[in-house]
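Asks: Sequence:
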Amino acid sequence: GDVVYTGTTTSMTTGACYYYKNDGTWGLANSSATGTSTGLLAIALGAESDTHGMLLRGMVTTTAVAGTQDEGAILYIRGSDGVLTTIAAESGEVNRIVGYCMENSNNRIYFNPDSTWIEVA
Numbered sequence: 476g477d478v479v480y481t482g483t484t485t486s487m488t489t490g491a492c493y494y495y496k497n498d499g500t501w502g503l504a505n506s507s508a509t510g511t512s513t514g515l516l517a518i519a520l521g522a523e524s525d526t527h528g529m530l531l532r533g534m535v536t537t538t539a540v541a542g543t544q545d546e547g548a549i550l551y552i553r554g555s556d557g558v559l560t561t562i563a564a565e566s567g568e569v570n571r572i573v574g575y576c577m578e579n580s581n582n583r584i585y586f587n588p589d590s591t592w593i594e595v596a
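If you count the sequence shown from 1, position 93 lands on 568 in this note's numbering, and the numbers rise without skipping.
Note that these hints are calculated values from the structure, not bench results.
Since the structure is predicted, the reported quantities are computational estimates derived from the model, not experimental observations.
Be aware that one or more of the hints could be misleading.
[Unchecked claim] Between beta-carbon pairs, the in silico distance windows are:
1. Thr481 <-> Gly510: 17 to 23 angstroms
2. Ser555 <-> Gly521: 27 to 33 angstroms
3. Ser566 <-> Thr485: 34 to 40 angstroms
Using N, Cα and C, we set each Cβ at its ideal position, and we do this for glycine too.
Let's have the full structure, built from the sequences with the hints guiding it.
Replies: The following block contains the structure:
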């Protein structure tokens, strides 16, 4: 996959979804806020972004996937910090496709965030 070793963020949750902040660090992505779900996204590959890396695109095992993990199911950012889901966003949240489930029930995904998004009215 495509991995970057940037930012000086520590104490990260391996497998969680993060967004790149304007101060050069990473914060947990959440569909409830446009500022945390519409920019550059990555999956943490370890506790430190500049040592373990951040996956921008590729195969990865995440911390959790909410919803039914059928193979090929579309993944979105969830309204919970760092979590992905197979359920589209609700009113007031950002809907953004970030990848696809690859294996049933084990959080293995293809992470490939779309650059487009919509805020559900």
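Asks: Now tell me if each hint is right for this structure.
Replies: Results of checking the hints against the structure:
Separation of Thr481 from Gly510 is about 19 angstroms and conforms to the stated range, judged on CB atoms against 17 to 23 angstroms. Against the hinted window of 27 to 33 angstroms, the Cβ-Cβ separation of Ser555 and Gly521 comes to about 21 angstroms, which falls outside the hint. Distance hint check: the CB atoms of Ser566 and Thr485 are about 35 angstroms apart, consistent with the given range 34 to 40 angstroms.
Hint compliance for this structure: hint 2 alone is broken.
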